[in-house]
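J.: Residues per chain, in single letters:
There are 4 protein chains.
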Amino acid sequence: MSGNSFGVLFRVTTFGESHGKALGAVVEGCPPGLTLSEEYIQKEVDKRRSKEFIGQTPRKEKDRVEILSGVFEGYTTGTPIGILVYNTDVKSSAYQQLKEVFRPGHADFTYHMKYGGFRDYRGGGRSSGRETVVRVAAGAVAKRVLEEYGISVVAYTIALGGVVAEKRDLEFIYQNHLYCPDEEAYLKMCQKIEEAVREGDSLGGVVEVLARGVPAGLGEPVFDKLEADLSKGLMSIGAVKGVEVGAGFKAAQLKGSENNDPISSHGFLKNDAGGILGGISSGQDIVLRVAVKPIPSIRKPQKTINLQKEELDLIIEGRHDVSAIPRIVPVVEAMVRIVLADHLLRQLAYLAFQQRLRFPNFWG
Amino acid sequence: MSGNSFGVLFRVTTFGESHGKALGAVVEGCPPGLTLSEEYIQKEVDKRRSKEFIGQTPRKEKDRVEILSGVFEGYTTGTPIGILVYNTDVKSSAYQQLKEVFRPGHADFTYHMKYGGFRDYRGGGRSSGRETVVRVAAGAVAKRVLEEYGISVVAYTIALGGVVAEKRDLEFIYQNHLYCPDEEAYLKMCQKIEEAVREGDSLGGVVEVLARGVPAGLGEPVFDKLEADLSKGLMSIGAVKGVEVGAGFKAAQLKGSENNDPISSHGFLKNDAGGILGGISSGQDIVLRVAVKPIPSIRKPQKTINLQKEELDLIIEGRHDVSAIPRIVPVVEAMVRIVLADHLLRQLAYLAFQQRLRFPNFWG
Amino acid sequence: MSGNSFGVLFRVTTFGESHGKALGAVVEGCPPGLTLSEEYIQKEVDKRRSKEFIGQTPRKEKDRVEILSGVFEGYTTGTPIGILVYNTDVKSSAYQQLKEVFRPGHADFTYHMKYGGFRDYRGGGRSSGRETVVRVAAGAVAKRVLEEYGISVVAYTIALGGVVAEKRDLEFIYQNHLYCPDEEAYLKMCQKIEEAVREGDSLGGVVEVLARGVPAGLGEPVFDKLEADLSKGLMSIGAVKGVEVGAGFKAAQLKGSENNDPISSHGFLKNDAGGILGGISSGQDIVLRVAVKPIPSIRKPQKTINLQKEELDLIIEGRHDVSAIPRIVPVVEAMVRIVLADHLLRQLAYLAFQQRLRFPNFWG
Amino acid sequence: MSGNSFGVLFRVTTFGESHGKALGAVVEGCPPGLTLSEEYIQKEVDKRRSKEFIGQTPRKEKDRVEILSGVFEGYTTGTPIGILVYNTDVKSSAYQQLKEVFRPGHADFTYHMKYGGFRDYRGGGRSSGRETVVRVAAGAVAKRVLEEYGISVVAYTIALGGVVAEKRDLEFIYQNHLYCPDEEAYLKMCQKIEEAVREGDSLGGVVEVLARGVPAGLGEPVFDKLEADLSKGLMSIGAVKGVEVGAGFKAAQLKGSENNDPISSHGFLKNDAGGILGGISSGQDIVLRVAVKPIPSIRKPQKTINLQKEELDLIIEGRHDVSAIPRIVPVVEAMVRIVLADHLLRQLAYLAFQQRLRFPNFWG
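Protein chains in written order, with numbering that gives the first Met the number 0: chain A, 0 to 363; chain B, 0 to 363; chain C, 0 to 363; chain D, 0 to 363.
Think of the hints as simulated: they come from the structure by calculation, not from any bench.
Treat the hints loosely; a few may be bogus.
Because identical chains share one entry, a pair is satisfied inside a single copy or across any pair of copies.
Unchecked claim - Dumping the calculated SDA-like pairs for lysine to any residue here, alpha-carbon to alpha-carbon at most 25 Å:
| # | residue 1 | residue 2 |
| --- | --- | --- |
| 1 | LYS299 | GLU198 |
| 2 | LYS302 | GLU146 |
| 3 | LYS166 | ASN305 |
| 4 | LYS269 | VAL163 |
| 5 | LYS46 | ILE314 |
| 6 | LYS61 | ASP312 |
| 7 | LYS61 | GLY363 |
| 8 | LYS20 | GLN41 |
| 9 | LYS98 | TYR120 |
| 10 | LYS20 | LEU268 |
| 11 | LYS50 | TYR39 |
| 12 | LYS308 | ASN360 |
| 13 | LYS249 | GLU193 |
| 14 | LYS269 | LEU306 |
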């Protein structure tokens with residue numbers, strides 16, 4: 000029941016449940032001397048908060064980020080950064096009825112089996128999507144690290160409820176609440192959401208993530224390949240059911256002559272590899288996509304059972320989003336940043352050695 | 000440049016290059032008292048060897064498995080199992096011409112960048128698919144572990160060169176050299192291979208993997224979720240560009256009412272989750288699929304450059320498969336087994352504690 | 000700058016500085032179903048607090064323990080236990096004068112060099128003994144785990160300021176504020192403390208730790224041997240400069256015929272091994288000793304320099320203990336418990352496998 | 000039963016038993032571009048071989064080192080270095096009588112208990128000191144890494160059989176087969192060995208290890224402190240029962256005014272800290288000492304039991320050293336080098352970041 004830490008040199012550990020006292024993250028390995036503030040982290044966390052839009056939960060957590068350690072007089076010190084988000088808007092009574100019921104598509108049954116019947120059933124406890132609020136906070140620290148190397152990560156919605164975005168208008172992403180890069184698709188997605196709300200149903204989708212400015216050389220074959228760690232990080236997000244890099248599943252239908260990216264004296268001529276070759280970044284943009292399943296909490300009646308194995312028709316009222324999209328978008332960014340920050344540091348160790356980087360000598 | 004180990008309690012470390020002296024694996028965490036022989040491991044490794052079929056490399060490594068440690072008088076001792084496979088049929092001269100050329104779709108460029116220009120260019124060195132021979136050997140040890148718990152893993156080809164298998168005839172898998180569960184599809188796939196050989200091109204495909212008998216409770220939220228570790232393991236295989244679990248990318252198009260698996264008093268009524276909920280096995284079959292890109296080594300001319308950034312048209316002669324399928328199939332099985340063996344042991348630790356399992360007392 | 004986590008299955012991560020907002024620990028791997036309360040943890044933490052005795056700092060932190068996660072309705076849930084202790088009695092102004100001075104025997108210089116000049120100088124920041132308050136809290140969770148297996152750990156002072164305890168009166172330990180098992184020695188130690196206070200100096204000593212009820216079989220050769228992990232845990236405590244197991248350094252002077260512990264049909268006939276053979280617990284008591292250096296903060300003038308390399312005579316006023324003993328005693332217990340809890344779970348994994356422990360089957 | 004790997008970035012995994020087919024090490028994280036040959040490693044391994052001296056085993060393993068991977072055309076490639084040493088001079092028959100006997104002071108009993116009765120009893124199997132042959136080989140790779148930074152490590156015998164070396168004549172170390180830095184003490188030690196051989200007994204001792212040229216800044220608080228990892232590494236060597244750094248156990252008797260190392264504008268004025276403050280190297284020499292217990296295999300009769308709990312008097316014939324010293328000396332050096340290489344790389348990661356070290360850009 001370890002398994003709540005991620006990374007080797009840049010390492011994130013999280014704790015906390017949906018309706019517990021607080022959620023927290025410990026971020027190890029952030030180098031010293033970086034400016035970092037609660038405001039900076041808050042900004043990222045706010046991207047994940049539910050907004051005043053149809054289809055988003057009315058649960059309005061303020062999600063106030065507190066830095067408890069690792070930052071002194073505005074600068075990181077190289078020691079672990081403790082981050083806390085207290086749970087405030089907790090309505091646990093709504094979950095009382097669910098105490099002994101296994102909600103389909105949720106982790107109720109598996110948590111029950113794994114933890115021998117001991118679980119915080121309120122809002123899914125540890126399995127709640129709410130856990131990701133501190134991943135986003137940790138990802139903000141990773142963002143600060145990557146900024147220093149000119150590496151940026153952006154995720155956006157390229158499919159929702161069957162509507163597929165054709166365009167990649169990265170400007171438009173921040174002009175719509177679904178983080179969609181295609182205005183036409185965005186409008187159709189909104190319609191799908193309205194339909195789903197009416198039906199008491201939920202929607203799945205696809206999020207694409209793009210990392211730019213990543214230098215060639217990140218990734219540690221043969222197991223800690225860059226795409227392997229990225230996949231692990233992304234697949235560890237609750238609603239994600241698939242990950243692909245570059246051409247991904249489409250590559251399965253291609254021939255080598257089509258899929259290979261030719262190289263000219265100025266660089267690669269296309270990027271079906273998604274910026275990674277042999278587990279190592281190539282210097283091109285890194286492109287991944289994740290499949291997001293529809294939120295399992297729906298108002299439509301569903302067949303299920305309770306602890307006593309009695310069958311029943313479940314209607315979930317509570318406060319729920321219609322889709323993990325768009326709130327999963329900053330979580331995807333966070334996980335990619337955490338992986339890249341870790342691999343940046345890992346490669347820097349060797350790069351420094353290759354250049355026989357000198358240690359500072361105090362005595363001169 | 001660590002990153003060559005995988006797992007927590009059941010832990011595999013590999014070493015070796017395609018044209019070096021030998022490839023090896025160290026398997027830690029195999030419990031004592033299991034029968035294990037070179038023959039048992041050899042049988043798995045042989046599944047990965049190239050066969051006398053069109054489209055497969057004439058490089059005929061005998062791939063003789065040697066156990067160096069950890070097994071005594073036919074039984075495992077609980078100490079690390081060292082496994083070695085010497086390289087014998089090494090024709091490095093064919094690679095002399097490739098010494099300073101970056102083959103498109105291969106890791107030549109990224110290895111060059113990561114390792115500061117020091118790399119064993121022969122046959123791709125460490126980045127070669129040949130490295131997987133010892134993964135399969137390690138996977139055989141994991142298979143022995145899982146057998147004791149009635150857990151079986153089988154992988155098979157469900158798409159190749161655009162041909163999609165509709166059936167899941169698991170008997171038929173071992174009656175054809177592509178490990179395809181659909182006879183009709185198999186015949187079409189063979190045609191595709193012949194075409195590709197004629198054209199000097201290569202093919203991608205999709206492999207599905209099915210784990211049966213997995214008890215509920217394996218997987219360690221929130222980062223070492225079962226699908227997260229499975230994804231990492233599978234994505235660390237050279238040619239894999241995508242992983243999905245259960246409905247996978249199809250789930251992105253479904254509604255919650257469609258995607259959720261209802262539960263009756265006798266069990267789940269379907270399995271779109273792919274046997275994992277909230278990162279923990281549910282007791283249902285575990286189902287994953289991986290996208291396999293076409294082999295990058297093709298005879299068709301490709302644009303690329305050499306170390307001096309001179310452009311050239313590359314025709315790769317050498318000895319190459321037309322597709323990573325079917326030889327990747329036992330590698331997929333091996334990685335899934337390694338992950339399951341590790342998580343089986345991890346959960347057993349807690350299960351034992353919950354039951355206050357007693358230690359043997361020698362003194363009585 | 001990772002390195003703030005310890006353990007494999009039972010895993011502790013800490014964060015926080017002496018004069019920061021709070022100190023925290025995340026405890027992963029505590030099995031579900033154990034009763035656990037803030038009171039239980041508080042009791043252990045209180046053992047570490049300074050008391051109304053001569054030679055102990057008047058800094059009177061209340062050290063209120065808060066459990067933020069992982070416990071629900073009084074029981075552990077198997078999810079990570081977040082523990083927080085807010086810093087309240089913080090007088091940072093006393094440290095203002097030390098901002099640019101390297102205190103001899105402290106980590107000021109090395110932190111300055113390692114972290115590129117960015118450090119929280121107040122009270123030693125992360126290097127402060129105060130960090131151990133959350134180690135003790137985490138150790139309390141480990142204590143709960145070990146209790147279920149009848150394993151107990153007790154540490155006590157066997158030397159202080161040159162006075163050596165001859166007796167091992169374990170009852171007396173809790174009847175004196177130095178946790179000394181020898182009344183006569185205790186009284187002499189008190190005199191030594193008074194002298195040191197008068198002189199403005201500080202004292203070193205030796206703490207012995209005894210683990211009883213440990214079953215045979217804990218420890219993972221060849222690197223994670225039980226004494227290796229115990230040594231790491233103990234050496235990671237600030238003031239510790241040496242660790243020995245069983246006969247320890249005395250064994251260096253013995254012959255094999257003296258040092259070997261003979262075995263009879265009822266058990267070992269003595270215990271110079273200290274309960275560990277070949278890295279694995281033997282079922283006997285585990286006995287270790289740690290050398291504790293004198294507290295480096297003293298009122299006597301000391302030669303040192305500041306950031307500008309100017310020499311100066313330093314007199315440290317502030318609020319300081321005269322010795323890390325006795326407050327280090329519960330820290331030693333905590334670290335030993337954390338190691339034992341981890342190795343207990345690791346061995347249980349294999350023990351469960353050897354017995355083919357069955358998983359619960361919900362469906363019957 | 001994992002636990003056979005050590006290190007984070009520079010990571011060593013070992014396998015193999017005393018009388019099995021071979022012993023091996025996998026060294027991950029060695030940077031590319033270093034010259035490395037079997038001869039270089041062999042030279043270190045030869046230091047550990049038994050010599051033609053009284054008190055050393057006549058078992059004369061050739062201990063031929065083979066590099067299987069990770070080195071190409073004389074240079075490391077950054078990929079894992081597989082190292083093998085075949086066992087050749089194996090006389091297992093001598094151990095047949097010991098199959099069911101628990102030798103006092105050996106790991107026979109604890110291995111029996113841990114591994115459920117499955118163990119390779121020949122020569123102690125995995126618990127044999129012979130396992131260290133590949134630690135020394137791995138340490139040779141670490142030596143190559145450290146050389147590039149001008150870091151050197153030397154260990155030597157400062158006590159044997161009660162004789163204590165007063166001098167530290169580092170030149171003399173290589174002029175005597177006990178690696179003793181004091182000629183007078185050396186001669187007395189030789190007498191002690193002769194006595195012990197005559198008596199059929201064995202001797203313990205103390206080895207000191209000195210690391211010079213270590214830059215300030217290595218070590219990762221609060222758990223992976225430099226002395227913590229060094230202690231773990233050293234305590235994982237079979238015969239070691241105690242570790243101390245700097246003044247060590249003597250510090251327990253000192254006052255702060257005595258133990259603290261004053262600092263002048265030219266550096267520290269003494270080195271009782273042993274080169275480490277707060278878990279981080281200070282730039283001074285690193286000094287540690289380990290207590291080595293007497294070899295448990297002696298010809299004198301010892302009381303013990305067999306598997307059936309029958310008591311017996313055991314006389315161990317076989318081929319055995321009289322002391323783990325001097326053959327443990329190169330093992331101590333190896334472990335210290337492995338730890339330093341790992342921490343060198345870990346700190347380089349952050350140093351590189353602090354200097355915003357630029358990645359090479361192929362495209363110009």
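J.: Of the hints stated earlier, which fail here?
T.: Hints 2, 3, 5, 6, 7 and 10 are the ones this structure does not satisfy, whereas the remaining hints hold.
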